[in-house]
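Student: Chains H and C supply the protein sequences, listed in that same order. Residue numbers in the first sequence follow this note's numbering, run continuously in steps of one, and reach 113 at the last position. Residue numbers in the second sequence follow this note's numbering, run continuously in steps of one, and reach 113 at the last position.
No wet-lab data here; the hints were simulated from the structure. Remember, predicted model here, so these are calculated numbers, not experimental data. A couple of the hints might just be wrong.
Stated by the list, open to error - Stretch by stretch, here's where chain H covers chain C in the computed footprint (C-beta under 8 angstroms, at least three residues):
#1 43 to 50
#2 95 to 102
Said to hold, decoys possible - Straight-line Cα separation of at most 30 angstroms, DSS-like style, residue types lysine-lysine; simulated pairs:
#3 44/C - 20/C
#4 83/C - 3/H
#5 41/H - 68/C
#6 41/H - 9/C
#7 62/C - 83/C
#8 56/H - 20/C
#9 27/C - 41/H
#10 18/C - 41/H
#11 44/C - 56/H
#12 9/C - 17/H
#13 9/C - 44/C
#14 68/H - 41/H
#15 41/H - 83/C
#16 44/C - 68/H
#17 44/C - 17/H
#18 44/C - 68/C
#19 62/C - 3/H
#20 41/H - 44/C
#21 17/H - 62/C
#22 41/H - 62/C
Unchecked claim - Far from chain C by the CB rule (all over 10 angstroms, computed), these chain H residues:
#23 15
#24 27
#25 45
#26 75
#27 105
Ideal placement from N, C-alpha and C gives every residue a C-beta, glycine not left out.
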Amino acid sequence: ELKVEQNPLFLSMQEGKNYTIYCNYSTTSDRLYWYRQDPGKSLESLFVLLSNGAVKQEGRLMASLDTKARLSTLHITAAVHDLSATYFCAGGPNTGTASKLTFGTGTRLQVTL
Amino acid sequence: GEEVAQTPKHLVRGEGQKAKLYCAPIKGHSYVFWYQQVLKNEFKFLISFQNENVFDETGMPKERFSAKCLPNSPCSLEIQATKLEDSAVYFCASSQSPQGPQHFGDGTRLSIL
Chain H
1 ELKVEQNPLF
11 LSMQEGKNYT
21 IYCNYSTTSD
31 RLYWYRQDPG
41 KSLESLFVLL
51 SNGAVKQEGR
61 LMASLDTKAR
71 LSTLHITAAV
81 HDLSATYFCA
91 GGPNTGTASK
101 LTFGTGTRLQ
111 VTL
Chain C
1 GEEVAQTPKH
11 LVRGEGQKAK
21 LYCAPIKGHS
31 YVFWYQQVLK
41 NEFKFLISFQ
51 NENVFDETGM
61 PKERFSAKCL
71 PNSPCSLEIQ
81 ATKLEDSAVY
91 FCASSQSPQG
101 PQHFGDGTRL
111 SIL
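Let the hints inform the model, and build the full structure from the sequences given.
Tutor: What follows is the structure in structure tokens.
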């Protein structure tokens with residue numbers, strides 16, 4: 001069964017700084033997703049990573065996937081306060097049919113002035 | 001519609017009562033998923049559907065939980081004889097394809113008193 005671990009659980013960073021959130025998963029998975037959740041809100045899809053070496057960027061966020069290391073990273077560049085939220089990675093098993101997502105524990109990001 | 005619509009937003013029930021939650025997937029999405037998010041951010045998969053067919057119900061506590069997706073009706077998740085531990089936010093998600101990103105609704109916050 002797929003297990004997904006995220007670290008850190010909590011991240012406080014100053015505006016303008018860079019940081020990386022790590023997502024390790026336990027078994028082979030070629031689908032990795034990143035979501036953002038604001039307090040009391042739903043999950044917003046950020047990135048879908050479907051192949052080894054995939055790299056996607058949107059604004060100050062960049063996500064990558066290394067299927068050999070079973071590792072995905074979410075890199076934050078020059079953080080701004082608006083990025084404060086909880087970020088989840090989620091993996092899906094290697095099947096061609098509809099399947100559940102297994103979520104990490106989330107990383108609560110707090111960007112301070 | 002363009003969004004996954006979940007109703008109600010908040011549902012309060014006394015222990016032992018029944019609770020029923022609804023989800024209308026995005027138009028054209030054939031796959032529906034239910035997840036439970038408990039207080040520590042942990043997401044637990046409950047069940048998935050492909051159209052009106054149950055695809056994966058490995059996460060469902062079968063004694064009290066049931067779910068349906070019928071044609072031309074919102075999908076539903078019903079909990080009989082609720083317990084305090086059922087208090088959580090229940091998210092519904094839909095996707096267009098098996099490996100596509102799952103789009104989440106705003107969730108239903110279920111409070112069992």
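Student: Now, for every hint given, state plainly whether the structure supports it.
Tutor: Against the structure, the hints come out as follows:
1. 43 to 50: holds (count 4)
2. 95 to 102: holds (count 6)
3. 44/C - 20/C: Satisfied, since the Cα-Cα distance of roughly 18 angstroms is no more than 30 angstroms.
4. 83/C - 3/H: Holds - the C-alpha atoms of residue 3/H and residue 83/C are around 27 angstroms apart, at most 30 angstroms.
5. 41/H - 68/C: Answer holds: residue 41/H to residue 68/C is near 25 angstroms, not above 30 angstroms.
6. 41/H - 9/C: This hinted pair holds, its Cα atoms lying about 11 angstroms apart.
7. 62/C - 83/C: Holds, at roughly 14 angstroms.
8. 56/H - 20/C: 39 angstroms, violated
9. 27/C - 41/H: 22 angstroms, holds
10. 18/C - 41/H: Roughly 25 angstroms between the alpha carbons, so the hint for residue 18/C and residue 41/H holds.
11. 44/C - 56/H: Between residue 44/C and residue 56/H the Cα gap is close to 27 angstroms, so the pair holds against 30 angstroms.
12. 9/C - 17/H: Given pair residue 9/C, residue 17/H is violated - Cα atoms ~37 angstroms apart, limit 30 angstroms.
13. 9/C - 44/C: 19 angstroms, holds
14. 68/H - 41/H: 34 angstroms, violated
15. 41/H - 83/C: 24 angstroms, holds
16. 44/C - 68/H: Satisfied, since the Cα-Cα distance of roughly 26 angstroms is no more than 30 angstroms.
17. 44/C - 17/H: Given that 30 angstroms is the threshold and the Cα spacing comes to 33 angstroms, the pair is violated.
18. 44/C - 68/C: Holds: residue 44/C and residue 68/C sit about 18 angstroms apart, inside 30 angstroms.
19. 62/C - 3/H: The given pair, whose Cα atoms are some 23 angstroms apart, holds under the 30 angstroms limit.
20. 41/H - 44/C: Roughly 17 angstroms separates the two Cα atoms, so the pair holds.
21. 17/H - 62/C: Violated, at roughly 48 angstroms.
22. 41/H - 62/C: Judged against 30 angstroms, a Cα distance of about 28 angstroms means the pair holds.
23. 15: The claim holds: residue 15/H sits with its nearest Cβ about 24 angstroms from chain C, beyond 10 angstroms.
24. 27: 16 angstroms, holds
25. 45: 5 angstroms, violated
26. 75: 20 angstroms, holds
27. 105: Given that some Cβ of chain C is not farther than 10 angstroms from that of residue 105/H, nearest at about 6 angstroms, it is violated.
Going through the hint list in order, the structure does not satisfy hints 8, 12, 14, 17, 21, 25, 27.
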